[in-house]
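> Given chain U's structure and the hints, the job is docking chains A, V, H, Y and P onto it.
The listed protein sequences derive, respectively, from chains U, A, V, H, Y and P.
So the first sequence is residues 12 to 342, counted in my numbering.
So the second sequence is residues 12 to 342, counted in my numbering.
So the third sequence is residues 12 to 342, counted in my numbering.
So the fourth sequence is residues 12 to 342, counted in my numbering.
So the fifth sequence is residues 12 to 342, counted in my numbering.
So the sixth sequence is residues 12 to 342, counted in my numbering.
None of these hints come from the bench; they were simulated from the model.
Lysine to aspartate or glutamate pairs mimicking EDC-like chemistry, simulated, CA-CA at most 16 Å apart: (1) H:K209 - V:E249; (2) U:K209 - A:E247; (3) V:K182 - V:E132.
These are the residues of each chain, in order.
There are 6 protein chains.
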Amino acid sequence: MKGIAFYKEGEHVRDYLLIKTVTRGTASNGKPFLTIVLQDKSGDIESKLWGCTPEDESNYVSGAVVLAEGDIMSYRGRNQFKIRTIRLADEHDSVKKSELVMAAPLSIEALDEKITQYLFEIKNPVIQRLTRALLKKHHREFYEYPAAASIHHNFLSGLAYHVCCMLDMAKAVAKLYPEVNCDLLYAGIILHDMGKLKELSGVTSTSYTLPGNLLGHISIMIDEIGKVAGEMGMAEKEEVLLLQHMVLSHHENPEWGSPKPPLFKEAEILHILDDMDAKMNIMTRAIRKTRPGEFSERVFALNNRSLYRPSFDRDDGDESSAFPSSIEDKQ
Amino acid sequence: MKGIAFYKEGEHVRDYLLIKTVTRGTASNGKPFLTIVLQDKSGDIESKLWGCTPEDESNYVSGAVVLAEGDIMSYRGRNQFKIRTIRLADEHDSVKKSELVMAAPLSIEALDEKITQYLFEIKNPVIQRLTRALLKKHHREFYEYPAAASIHHNFLSGLAYHVCCMLDMAKAVAKLYPEVNCDLLYAGIILHDMGKLKELSGVTSTSYTLPGNLLGHISIMIDEIGKVAGEMGMAEKEEVLLLQHMVLSHHENPEWGSPKPPLFKEAEILHILDDMDAKMNIMTRAIRKTRPGEFSERVFALNNRSLYRPSFDRDDGDESSAFPSSIEDKQ
Amino acid sequence: MKGIAFYKEGEHVRDYLLIKTVTRGTASNGKPFLTIVLQDKSGDIESKLWGCTPEDESNYVSGAVVLAEGDIMSYRGRNQFKIRTIRLADEHDSVKKSELVMAAPLSIEALDEKITQYLFEIKNPVIQRLTRALLKKHHREFYEYPAAASIHHNFLSGLAYHVCCMLDMAKAVAKLYPEVNCDLLYAGIILHDMGKLKELSGVTSTSYTLPGNLLGHISIMIDEIGKVAGEMGMAEKEEVLLLQHMVLSHHENPEWGSPKPPLFKEAEILHILDDMDAKMNIMTRAIRKTRPGEFSERVFALNNRSLYRPSFDRDDGDESSAFPSSIEDKQ
Amino acid sequence: MKGIAFYKEGEHVRDYLLIKTVTRGTASNGKPFLTIVLQDKSGDIESKLWGCTPEDESNYVSGAVVLAEGDIMSYRGRNQFKIRTIRLADEHDSVKKSELVMAAPLSIEALDEKITQYLFEIKNPVIQRLTRALLKKHHREFYEYPAAASIHHNFLSGLAYHVCCMLDMAKAVAKLYPEVNCDLLYAGIILHDMGKLKELSGVTSTSYTLPGNLLGHISIMIDEIGKVAGEMGMAEKEEVLLLQHMVLSHHENPEWGSPKPPLFKEAEILHILDDMDAKMNIMTRAIRKTRPGEFSERVFALNNRSLYRPSFDRDDGDESSAFPSSIEDKQ
Amino acid sequence: MKGIAFYKEGEHVRDYLLIKTVTRGTASNGKPFLTIVLQDKSGDIESKLWGCTPEDESNYVSGAVVLAEGDIMSYRGRNQFKIRTIRLADEHDSVKKSELVMAAPLSIEALDEKITQYLFEIKNPVIQRLTRALLKKHHREFYEYPAAASIHHNFLSGLAYHVCCMLDMAKAVAKLYPEVNCDLLYAGIILHDMGKLKELSGVTSTSYTLPGNLLGHISIMIDEIGKVAGEMGMAEKEEVLLLQHMVLSHHENPEWGSPKPPLFKEAEILHILDDMDAKMNIMTRAIRKTRPGEFSERVFALNNRSLYRPSFDRDDGDESSAFPSSIEDKQ
Amino acid sequence: MKGIAFYKEGEHVRDYLLIKTVTRGTASNGKPFLTIVLQDKSGDIESKLWGCTPEDESNYVSGAVVLAEGDIMSYRGRNQFKIRTIRLADEHDSVKKSELVMAAPLSIEALDEKITQYLFEIKNPVIQRLTRALLKKHHREFYEYPAAASIHHNFLSGLAYHVCCMLDMAKAVAKLYPEVNCDLLYAGIILHDMGKLKELSGVTSTSYTLPGNLLGHISIMIDEIGKVAGEMGMAEKEEVLLLQHMVLSHHENPEWGSPKPPLFKEAEILHILDDMDAKMNIMTRAIRKTRPGEFSERVFALNNRSLYRPSFDRDDGDESSAFPSSIEDKQ
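So here's chain U without its partners, still in its complex pose:
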């Protein structure tokens, strides 16, 4: 199966898909229609069901698995799924809901093991103990949450996977620039987005919580680091302050949410790797939907850029994996 996210304009689709969200609207002729976002493990796509019946409305709800058939069209520069036929999957269909959920290419166990290895490499005891404590406190959510509500790594275990990719890059950076303090860098990477566990409502149908709206994940995490360090009797340690600063400054400038810019090397590297990994994730997904020699749909999270796929780029391997990275689950 190719994956719904990677079909290109004009292609025909007949796939089992999971309904992610449904919104009811009224057309200008007064009749109701449904805007259905359909997903499989490759990503999601929007579709419209015009002139829907009350039966349709009760059938096609968030979480339902359907068999849909139709064509990929382009609407205002974005792909849309024009449904020709749709029906609920039933017991005769050999499809499992869990197979349609978008998830990181590494299992939770693999991610946990990888991050734990990096944790072992942290030598400074204050940094090690604090990071370990925070990771333990939020263990379950940390390995399940997406990294963002919609922009990048928005899939099951997206946050932990994003952290893993950044840690691997960090290791390469530290090798090239040996004066880098790996303790700070690894811990900063592990903690930088942990505030999202309180900012976002959950793993699916992710929205912003009240603390998310009023404080944002950065301030939430400043508070959280302070509290846990306080409980461990380490509130006055410089290391705690440095980690709080790394979280505070990782968006680099005030307009993007960081009241302070990075003020030491490791904070700067954290920002650069966060930015690079997010961009690689976004770009790879956009390019996968684009034919060689063509421009992608406009990508809002990249300042509305439309990306070019070189005409000599090989197109064959796309379907084999939904993920850009080589860090894959071998277990």
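Positioned in the frame of chain U, the structure of chains A, V, H, Y and P alone reads:
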């Protein structure tokens, strides 16, 4: 005594003054000179001592009281004190150091009483208890610190005095717009700048601390509110989150240090009153140094504006008080 | 009656309402529909009448009173009235058009009396005479016009009511900061938006006039003050220049229409109080439509912010009054 | 004589010059020095007189004519005159002060005649009468004032000369784009900077007046056009409003002082020609001081650009005329 | 014939028109409709054909000539043609397709002759030879291309016509400011937009090419000038560098595509004339569609300004010519 | 030897140093002084020689080797060398000039070998041949030039060393994100700053050339790639266009000199790695001069940030190597 801050260009001065800071420089002829900031309770002024001797350097140090005589000149649009003669005050001079320290027009006791009254008016028990606890924890510094290192209310008890002025305005605002929640507004005002107690190094020769440089007073206070609320078992209360938001948003926009804008009425009013009281303090001080019918020196904290003093403005009352506000100490 | 502006999503409505504006559109099925803005004295709401007949078009015109029944829905984050049934009110319906017009909570007489009192307090004869002359020249429009076409205080006598609220706040400010010149401040407040009487087309269906489009209310008022002062032989008085400056600078910065920033205290205070009163009016109206514990619709005039209503905010009193302020008409 | 403004770095000077301004400073060795701006009719240059005596201070005052000898040096990218010898000119020196004043290349009579011709070409009676009345009211100052305090056309009759150059360009533009309304365009050009007659203090030692500081020349002129039109009973004419708009919008955007952008063709052309003529004046003067194949000093009024003079540019003709334009006085 | 671009809201139309583009859409009732852009030599207008049949879809294609009848309406502030009846033109209709194509008012021969004359006036041999070579290399496209895909001079020979207008203005500028180097100025004007021949896909249905998207016309032309100069053995000539700089800087600032601002007079004039000619073209077209005393539709390319047409502007001559300029073809 | 760049405030120095630049100034007492920039292979530092004699002026010239003794002081937040004694080195001093020149930690041969290896890994023949040809054409300068006149990698072979560091990081990135096209990425890195060979005047006393000022290194390289590709008959290859785009976009946004943002993955990565390597070089050098627990001097190239060096950072290893990277010369 007129007050060193309120002399105008061309006036002659002969006053006891306290040395606030001294910096040694080397002139382009290779000789040393001292840049001395002199103060009395009205404010401060910069002066230069050219061709200083080693004796001068050991005499004129921060904290020394001197008798200086000279003229007020204008240098690059700012007043400067051109010293003709200067000597250390000795036991024969009837001047006390404490009389030369710039301080709020209300005593610490009066400020404490006033703020305590407002605290009593807070009815919501979570807000009341949390605000009271934070005030108690930082009691001594809260009533001694300036409100800023250099921009506004930079004098003994400046922070508490700034809070008092804002509370009085808040009462008037709440009377005019009755849907305002006074509990949130009063508590937000009391707490909004409390993070400065950790951001700034102290009451005199104020500089930025390491937490001040790496986090800033806003993030410091988010952390502090969180910790104290946690210790009181109120971490999950919505009121705590709202107070954290008020602190977070009180500079209104990211460029000025607030990652979130005010998201409810009381947060917005807090921002407006903070801004207005700071501006009134800055403007009044600039106008005091200006003759009717003339423009003031440029004021950096007001986007470098040069303020006009109307020609029909009365000039007589300036000397009577160094302070703009009617809230004066009657005790 | 609750007031159409204060219904929340999901509530049922059956009320007499006044048609404010009607626009005819063509749906994508080629059929006509009407976009009707309905109002009562609490505010207004948009509704759609799909598949309208020629008879509907001739019945439902601006100024007609109707009895409408339906539900409040949310469309793109804003409330909309989904009409189920609608009919013209006739002589059997006990409803008066004047009861459905949105107006200030104070009568014109009360507003006039209040402003006249402040005018009496102005001691400077140039300021007093000029302000009185301008007020007299535009007397009728001044007490009837809204303060803006759509953003804030957009109701009958909105401009005069906005001025009254600002004058009351100004009195409190002047009490706290006694060096403020009340003559300038009161006169500046009375005159600051008077140019809107020429910028806007009228009390209802308010649009921009040719002078409004080509000059704007600020430049219109610079011209108007100059002309009237000239006719009174006071053209060369500094007071006239200061009042012109207060009008010129009251939007504070070039992007918002003020080529000069406020250059004296009273001009700065005028700007702050104008801003605060407008924001309070906008915020109060947005919060009234929002349930405790929820976020309001996005408010364009507040940089698209969505405001939070604390969950412990009382909701009961909203219906009693459509106005945020305590300045109410006791006559 | 070459003209002091057109000497290049390294050249030797021995010329009669007029002292434009003198400022006294104190060097870091405590000794006084004078900063003297020297001018002739080509422009001006800054010089320093180190270690000046009291006699120097009383001799070298604004308005004095001196014979100075020295070298042109470059200081922070700008030319400076390093004085070797300087003395007051006396009766034996055959030099007249009037020959050293920088002035337009056309006499006042020639400028008046030229502008009067354009005035005759205006056919619309409202525009003609109003422009004529305003020109008559300010006749003397209009033909003597500079166009700006320091940026461009800052010489005797600079304003009128700037207007003449723009009128000639306007004629060419109108020929190419025949739908342009010449009445509006010519009148707009004549009036656009007339407010500077009240904004600036006078022809020499030009500074900003109180109306200049508080309103600026644009708002001053809105007021002035309104008043004169009112006195002529034409206050309600659309033509008056259009001319006020042209003045209001001629700086094009709010940051540069125009609250409204140009809203009709003639207002747009006025802006473009004003901008082009000012830039040509500034650029020509900067290039005159620069050798072919080199870059000029940085020009603040051109966003600090440093201009290149092509190496194949002829250098010989510079001395013949201090002015860029072909509009020269043949009388 | 009036020209489809110059009809005003409310007017009735019955004209032969050429279909420029057709887009198929699906209405919210599920039925197809066509968005047809119709043109004649005056310009173009959008129309909708609701409920189109398969026959309609095969008839009304890009390039077809139709006879359409209907009314001009206003939709979101822009004119739209509401079609009542439409049919394909056949052999009985006396209309030629070439008469419906929008083109410059000068023939290709006339444009060529005019530009060749200016080329003769260039005296510097390097500039002359290089400009001539580039013009010869791209001769056919240069005289056929539009000056932009949609913003200004978007018609047959639009680029060459834009160049001609600029050359005529340049001649007037050079006369007024005699130090201008006409060789550089004329050559810069001829070459400034030549990169558009590679940036845009062609004369009709103009879109961006791959080099257009990845480099843009400015960088394309830097490359092209370099290559041709290299082939002519003039790569190291300063003149070549100056012409490359003129192309590079003609959009004036980085945000608009020029990494360097104009650094000599001729580069600055090139920018100003380019800007003025484009604006005149855009403004004249917008005003032609507007009645005297009214505001035009909003013009995106002018920062969304809505232009005013003075009420005393004559309306009669509009129909006679679709072009703003006096440079018309007399041959 | 510690290296002049890594002394900290208050330390005493007695070292052989090379004079990099000398500027003569006149102090405000009228006496001459020299501003001498002294360097060794660790970097450079500014010093002042007050009251210099004519003999000093002829001795201390650019390129001379001296023995200087004095103290490190801080002036306006930057280190300065206060010279106590200075004399020219003579034949008795065992110091070689070449030992005092700041250079990359890898020899030219080592850099060449490393880059040649990466060149071998490029498989696409167009990209390989073009890159090889450009590298060959500029071989000598490419391995000698600094990467910038003053900001980062401003030392002998700085450009080639910067390219090597980026290539190593690129290899790590490509391993993590396997869809990256290494051919484009490696070639883009090698070529991205090659235009600096024409933009900058040379290896020492580096200034901007005429092409550097008028076009900048980005446009110079667009031209250069185009020319060489043309000569090789590959002008129309898509690969050439993609490499030109990578050069064009590598500063990411218009304000920083890139008219187009990166439009494919490899262009984006090039920008990120360029930015990261430059920042690491700048930061490491600033931190080396700073004591643990203190803030560095303000760094202009980092938006004037002052960097913090954690108090637990080891300080001992700094002197062993002047370079941040592990890529060191083992030959």
